[in-house]
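Visitor: As they're listed, the protein sequences go chains A and B. Remember, this note's numbering sits 187 above the position in the first sequence when you count from 1. Remember, this note's numbering sits 187 above the position in the second sequence when you count from 1.
Rather than coming from a laboratory, the hints here were simulated on the basis of the structure. As the structure is a prediction and not an experimental result, all values here were calculated from the model. Be aware that one or more of the hints could be misleading.
Note: identical chains are not told apart, hence a pair may lie in one copy or across any two.
[Stated by the list, open to error] Computed list of lysine to aspartate or glutamate pairs in EDC-like fashion (alpha-carbon distance at most 20 Å, straight line): (1) K313 <-> D410; (2) K313 <-> D279; (3) K222 <-> E395; (4) K453 <-> D256; (5) K453 <-> D410.
Number of protein chains: 2
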Amino acid sequence: MNLTDLPTPTLLLDHHRMTANIARMQAIADRLGVKLRPHLKTLKSAQAAEALIAAGASGITVSTLKEADYFNQRGISDITYAVGMVPARLADAASLMAAGADLKIMTDNLEVARAIAKAASQNGVKYKLLIEIDCGDNRGGLQADSAELLQIAEVIADSCASLQGLLTHAGHSYGVDNTAAFEQIAMQERDAVVMAAERLRAAGHEVETISVGSTPTALFARDLSGVTELRAGVYTVFDMDQQSRGVCETDEIALSVLSSVIGHNKAAGKILLDAGGLALSKDRSADRFRPEVGYGQLCDADGRIIPNLFVTSVSQEHGHVRVRDDSDYARFPVGSLLRVLPVHACMTAAAYDYFNVLENGQVSDRWDRVNGW
Amino acid sequence: MNLTDLPTPTLLLDHHRMTANIARMQAIADRLGVKLRPHLKTLKSAQAAEALIAAGASGITVSTLKEADYFNQRGISDITYAVGMVPARLADAASLMAAGADLKIMTDNLEVARAIAKAASQNGVKYKLLIEIDCGDNRGGLQADSAELLQIAEVIADSCASLQGLLTHAGHSYGVDNTAAFEQIAMQERDAVVMAAERLRAAGHEVETISVGSTPTALFARDLSGVTELRAGVYTVFDMDQQSRGVCETDEIALSVLSSVIGHNKAAGKILLDAGGLALSKDRSADRFRPEVGYGQLCDADGRIIPNLFVTSVSQEHGHVRVRDDSDYARFPVGSLLRVLPVHACMTAAAYDYFNVLENGQVSDRWDRVNGW
């Protein structure tokens, strides 16, 4: 199928670029001597997970139990659910385990640990728990030197559940744009979780899994001594947010939105696309280092970058593109096709139920996605 | 069903508030002597459209042909597709008309008008065309005094298609926050399209429909002489974006996201919710007039506002709530439920396949939605 046969806006996945990105990260994990457990929050697709595992991944990471169920039903059962557990979801987690999932759950909260211990003991469910550590991101996680770390481990040790290990995520690596800073945050990420592991081991607990990861730190880590696994997700397709801080090149970005030109507002100096806030998301993550990117980089229908042409603003169903000069109206007539390299791949992809998989410029396949909760 | 039986995050629709919002706008349209053609881009639900039509709406507005098809299949056939037409969609539009839809399409482009005329004549399809006018929003539309306006009308007059009329949207009403400014933009909106209609009539064209609308201008318009219909959408549920500029009160907001507390990061002074960027959208429209709102206003599970508690930042699956003081941790334990009043209802609702319809605090129904393209 040709691109001109697709309705717009629609999501394109460049299979060649994705495969290269997957191979590159697997080689990094292999070199660093750690397992790779890719985060499927970006691709949310069983076909993508199969490609990752075929390339050497040891299992997957997910951000919802709906994702966990989707992947487990499709034969991908080694799953870490890397969002804080709540007691109301323990029954669903138990059902997933009964359905064959080797599920790891996570918390940073003593009360939740007690609820897990209680549910494990009452129902004989051997929940596997990761304790979340905050390595500087200030999202979830305990400080590595906190008292609660040992308290949670003790509560779990006294139950039918088991302590699987520790997990951290250096989300603050998204706030910097140079090699030295990425390397430093990768060390912070490693050091926080290794220190926490040492405290647990000193208190007599086994710590099997010591898990770190974010795309920038994974790509720039030099030494992961003490760490057992790496998680990352957006590296599979990259995006303009990653490009804006030097984590990837535009020709590594494997995801794009195919869009139609639907209008010219010559009085306002704009081309209008049918890819607006819903089709691209309103994520503005590239603003810090490349504010000109706006809501995405324009490419022609074949994926070649169009220099200095960006989605400068969006409304719900309209992408507004400030023209460089009046010749752009003739170059991009109403009805013509353009591609947008998205700012944040995870956010953009979530607006679509499937990927149009491209090989050699043709749509070779359609991969499904699991969205929602 | 009780709220505690719902998985989170999930979308709640307060039926009582929605009904009151619908009645209020219908009364305004009746008073101004115009038809009301609500924009279903916000609710995207057949049950909602039925409620609007039962209250007096003359038809509906949509933003995709997928929406048009969804509504037409459910018996709501008087539809204006208010996004610029492209030639590649003319066959789909013809199919919808063959399936019974009284579809109105729109352009502001002479080349597209020629394509419509050609397709109409070749295939005997009586497309009904609205010409889009830009009244100051700088999105789509011709200037009311432009030469192309008459050229498009002539091209259509010479074809099997028919000129239905004119349409404009004062999206720039979202950029102001006081009655005088809303009233002034409502006059601009009216004057632009009425002037364009006078030019068309002077040139011998019939102009049946003269359509204006945006929620702020619809609510504040004092006189719509010359206008035949009003379009607006977000007034059905409102949101914090509208509240931030004084267009509604928080107790008129009919849409909220039910969310679970999934963590406390006491070192960072945060409560974490399971409603993040995907569940709320990354829309920051309230920033201009109420930057403290961030990504949403927190309410308790029963919908009562919690003063000064907002979703201050988001990552993909996490909403970060800066606590007011340490007592908030005990007040909102992990596992407890909170509601978020969204910043931009249209963007937030698009992350969900259905509404949980609330009556008297109970889930009384589930309404489906049509998302995507």
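Visitor: My question is about K453 and D256: at a cut-off of 20 Å on alpha-carbon distance, are they close within one copy, between copies, both, or neither?
Guide: Neither, since 50 Å and 32 Å both go past 20 Å.
Visitor: With 20 Å as the alpha-carbon cut-off, assign the pair K453 and D410 to within, between, both or neither.
Guide: neither (54 Å within a copy, 30 Å between copies)
Visitor: Which holds for K222 with E395 at a C-alpha limit of 20 Å: within a copy, between copies, both or neither?
Guide: Only inside one copy: K222 and E395 sit 12 Å apart there, 67 Å across copies, limit 20 Å.
Visitor: Reference check for the pair K313 and D410, CA-CA at most 20 Å: within, between, both, or neither?
Guide: The answer is neither: 33 Å in one copy and 69 Å across copies each exceed 20 Å.
Visitor: Between K313 and D279, at a C-alpha cutoff of 20 Å, which is it: within one copy, between copies, both, or neither?
Guide: within (14 Å within a copy, 54 Å between copies)
In summary, the numbered hints that this structure violates are 1, 4, 5.
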